[in-house]
Every structure is written in C-alpha cells, then in structure tokens.
Amino acid sequence: MRPILIAGLLLGLIAQASIAHDPTINRLLASHCAQCHGTDGYAVGDMDSLAGESAKDLREDLRDMRREDQPENIMDHQAIGYTEEQIARIARFYASLPDDRDDLHENDFEDPEEDEEDEEDDDHDH
Amino acid sequence: MTINRRQFVQGTLLGGLAGLVPVIGRAQAAERVVVIGGGFAGASVAKYLRLWGDDRIDVTLVDPNPNHVSCVLSNLILTRQLELSDLSFPLSELDSAYGVRVVQGTAVGLDTAARQVQLDNGQQLGFDRAVVAPGISFMDVPGLDSAKVPHAWIAGSSTLLLRNQLDGLTAGNTVIMTIPAAPYRCPPGPYERACLLADNVQRAGGGRVIVLDANDHIQAERETFERAFSELYGDTLEYYPAAQLEAVDSDGLRVFTSQGEFSGDVVNVIPNQQAGSVVRNSGLTDGRWAPVDPVTYESALQEGIYILGDSQGTSQPKSAHMASSQAKVCADAIIRAASGMPTHHTERLENITTNSACYSPITRDQASWLTANFALDQGTGNMRLSHIGASDGWDRESYRDMFDWADNLFADVFR
Ligand SMILES: Cc1cc2nc3c(=O)[nH]c(=O)nc-3n(C[C@H](O)[C@H](O)[C@H](O)COP(=O)(O)OP(=O)(O)OC[C@H]3O[C@@H](n4cnc5c(N)ncnc54)[C@H](O)[C@@H]3O)c2cc1C
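These protein sequences, in sequence, are chains G and X.
Sequence positions in the first sequence follow our numbering and run 41 to 166.
Sequence positions in the second sequence follow our numbering and run -6 to 408.
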C-alpha cells in the first residue's frame, strides 16, 4: 500500500512542481537581496523591507527598474542583473512571508498560488 | 523538531527518487558540517545551513577569535570616524540564534581522507562535509616587517598600527602605499584607502601621498577614482601605475619597485594575496586560489570540501557582499546533497546567481558605489558577469546609504 501512496504523492508533486516551480529555488534567488534588505527581507535601519510585500508590487517595481533607459541608482543596476522570470520568482518568495518577522516559521513557507490578476497584468512587450 | 509540510514533501520526494522506499519515520543522522573561518563567508554559510537545513545539518564553526572584525568600513578607522569595536561581531550570536556550535581555535590541517579538521590546540573535529573560508593570506615581500609597515588589509591590530602612525603625521610628510597585483581582496578598496590617506595628509597640513600600483591601471570605478585623484587630491596624491613591489626596507621606510625607490614617513604595504594557508596546505589550490564548482562551491580537487569567499578562485570579485552571496548558494547545495536531492538540475542551474556591492568613502562625508551581478554560464560552468553598475562620481547621499547597506550586511551575516 505504502509505496503506491508515495508514488501517488510523488507524481502529484512533480505535476505541481512543473506549474509552481521549486520554492526553495525562489528562496535561493531571493536570498541575494538579503545582504542589503535583511535576512528574509526584514531590513534593519532605513533600508526597505521586502517581506510580506505583494508579489505584484515587487514585480512591477523591479521590472520598472530593470527597464530604466538610464539606470541611475544602485537598485536599477541590480535589477538589470536578473531575468524577468527570476524577478517573478523573487517577488513570489517575499510575498509568501508574513509582514512581521515574529510570525515567520522559516521552513514553513508556502508558495502562494499563482495570482491570476498578477499574470494578466504582465506586459508582454518582448 | 516538528515535521513541517516541506520536510514531509522532501522526505516523500527523496523516498520516491530512491526507488519508492518511504523514508518518513526513519531517523536520519544529521549531516556534520565543519566551517573553518567565521568571516563574511563562513558566518553566512553556518547561519544559512541552520536556517534552511534545520536539525538536518549539525554545524560547527571554527575561528581563532571570539569576534570577527569586519574589513568592510575599516578604512574609516584610519580617519577616526569608527573604532574597531564598531566593526566587531561576536560569533556566539550564531550559537544563541541558530544553534551553530562555535569552537575557538585555528584549523591547522584538513585530513580529507579521514574527514577530520585538526586544530592548533590538538582537538580534532570530524565532518561529513567541510567548508573552508579563511579569507586571504599574504605573499612574502623581501624585507617586509608588518609590525613596522602595516598592511591594514585584515582588520584588527594592523589597522590600529596604521592609524597610530597616521596620527603622528605633520605638515610636509610623505605617505607611501602599495597596491597588490589583481586579484586581491576588495577591488576598489586600495583606491578608497588612497583617497582617505590623502585626506589625512591634507588635514595634517599638506604633504605627499605616493600610490604605487602593481597593476597597469585602476582596477575598479576607474573614472571615479581618476577624477577624485585629480580633482580632490591633485595637490597631494601621485599615482604610479605598473609599479611592481620588489622589496621593502622596514626600518628605513623605503620601498623598492620596478618604477624606482621611494621613501616616506609612513608606509602602508598591501602585499599580493593568495588563499588562506589552511586552504593551501590541504591540496585545495591550483596557483594562488582554490578552484571550485560555482553551482555548489565544492572543490574541483577534493570531494565534500567547499571553499568560499576570498580563498576561492572563480572570477568573481573578492568582496564581503559576494562572500555572503556565495555562502547562500553553498548552503542550499549542501542541504540538497545531504537530503539526496539534485544540485545540478536545469531549474537550479538556470537560477545560480550572485551579486556584489561596495561603497567607497572618497572623503569624510561622500562616497561612491559599485555593484555587480553574476550568473552561471551553463556552457563553461563558470560565473559570468551579467551586469555591472557604478555611481556617477560621489555624493553625500551615497555616504549615508553606505551605513544602511553595511548594517544590513552585518545583520544578514552575523545575527
Ligand atoms: C579596507 C577594506 C575595505 C573593504 N570594503 C568592502 C566593501 O565595502 N564591501 C565588500 O563587500 N567587501 C569589502 N571588503 C572585502 C571584504 O572584507 C572581504 O572580501 C571579505 O571579508 C571576505 O570574506 P571571507 O569570509 O572570505 O574572509 P574574512 O572575512 O577575512 O574571514 C576569514 C575568517 O577566517 C578566520 N580564519 C583564518 N584562518 C583560519 C584558520 N586556519 N582556522 C580558523 N579560522 C581561520 C579569520 O579569523 C576570519 O575571521 C573590504 C576589505 C578591505 C580590506
């Protein structure tokens, strides 16, 4: 019985992974923001926190920076270093975290469901 | 430890991959990882192994000092704007916050066959995997006595020695500094140092700063530093490219280079650099640095040994920000490997990135910045520069941003 159950779960997981991506890879990508924006995006001092922001806002902000004709500030340049797909993954990771660090359970994050409205708002300009 | 959803899922996946044998309920011994060096690379990897790996990874961190003293911002010790204590981070916080076992000692040997690290006090630490992150060591310079001619390139007593020497400057004095041949720790760092030395000399009533660069040109933020050298410090600073250091007279304060002999009142020699000695003595280097696979930071020469930060030999800049970025890739890879999950599958390879940022004080209240992104080139297996950006000159806002950046970097690594 048990192997069959496991196989079923595994198939389910693979199916799910192909749609949703491996959330630990989103986390790895997002972790490179932490040197400036704090571990898990909970910043100290005047730096912007990223945890708990909406995926859509983060994505739009990063895409705007990435598409600056004349990148000026440090974040415009950082954003250029990522693909649009990577930006979407980073945004999804931070959106999955609570606003308040005290509510965070590190390995308990869920990959938030892909937001329909999120996808629709994408500008497919290239 | 409570089994949360993701661990359940990972257990299932692992069982599935291992021929559908369920692993749930089978107690797995934690993977023992020993980390050598509690600097930006080592502290980051220890923290993230525990943060992401939970109790699956047992982490022991070895460093000779109970506190790590950051090189980042340490040029501001020379201007008396910061003290060493402002840049000292107790490694014990990694224990209280994340359960990293911190051992005070110097790793003197790494037995890759017996899988043991030997410490200077005779202690042996067994490991399943070891991460080696001891920073840099200096190459020999004939005649150099660092107790008289400081490098101030590993923050600590050497930084204080240089500061005390600079405190004694009077009008008309000469300061000499030498810049090592690339690659060295912190590409813009020596030029930032040159600016602040010139600022010190000007404040002491004027004099000369002689900058002897082993490289053919300024190695980072070239436009910014060329401008700063001429516009801000033109009266004081003389820059000599392609000046290879040959020898030093540490008592007479003379420096011998391929461009001739120079003598000064204070001499700051930053020697050429190579991987930390424990890396070099353990068969992990190929030339000055340790070759690694940047998908995991595992040594190209020894299985199960990982090299991070300034000691590793990829083309990525040797910076603290970068060291921490590499540490995250490595922690993720070790956790995957220890759980029997793949590290080199397409989805992960497509998303192997690192980044770097450096702020450089150009004066006592203005700074410039530099940022770079790297991505894995799947064709060559090397990291490729995907974008580089720099500030247009220097300003006060960047100087303020520098402290916010550094505070977050310090917190991400040491707290
Ligand atoms: C003046 C200056 C300014 C800089 N400014 C910046 C900046 O603005 N931004 C930036 O990103 N980077 C900057 N850097 C570079 C940065 O400091 C280094 O790149 C970074 O420290 C590298 O991290 P690491 O972990 O490899 O080495 P380190 O941080 O040097 O850590 C190595 C650790 O290993 C320990 N160790 C050594 N040998 C052993 C052993 N055998 N056993 C046990 N422990 C051992 C040491 O005690 C130390 O704690 C600057 C450097 C300098 C000198």
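Quick caveat, the hints were computed from the structure, so don't treat them as lab data.
On a predicted model such as this, the values are computed, not experimentally measured, just so you know.
Heads up, a few of these hints could be off.
Stated by the list, open to error - Stretches of chain G that chain X covers, calculated by requiring three or more beta carbons in the stretch to come under 8 Å of a beta carbon on chain X: (1) 65 to 77; (2) 81 to 87; (3) 114 to 125.
As the list claims (entries may be wrong) - Not the full set, but computed from the structure, chain X residues with beta-carbon under 10 Å of chain G: (4) Ser37; (5) Asp47; (6) Ser223; (7) Gly333; (8) Thr364; (9) Phe403.
Ideal Cβ placement from N, Cα and C applies to all residues, glycine included.
Here is what the structure says about each hint:
1. Residues of the region 65 to 77 of chain G lying with their CB closer than 8 Å to a CB of chain X number 10, which satisfies the three-residue condition for coverage.
2. With 5 residues having a Cβ less than 8 Å from any Cβ of chain X, the region 81 to 87 of chain G passes the three-residue criterion, so the hint holds.
3. Closer than 8 Å: that is the beta-carbon criterion, and the region 114 to 125 of chain G has 7 residues meeting it against chain X, so the requirement of 3 holds.
4. Interface restraint check for X/Ser37: the shortest CB-CB distance to chain G comes to about 9 Å, inside 10 Å, so the restraint holds.
5. Checking X/Asp47 against chain G by beta carbon gives a least distance of about 6 Å; that is within 10 Å, so the hint holds.
6. With a least beta-carbon distance of about 24 Å to chain G, the hint placing X/Ser223 at the interface is violated under the 10 Å criterion.
7. A least Cβ separation of about 14 Å between X/Gly333 and chain G goes past the 10 Å threshold, and the interface hint is therefore violated.
8. The beta carbon of X/Thr364 comes within 5 Å of a beta carbon in chain G, closer than 10 Å, and the hint placing it at the interface holds.
9. Annotation: X/Phe403 was flagged as interfacial toward chain G, and the flag holds, the nearest CB pair being 9 Å apart, inside 10 Å.
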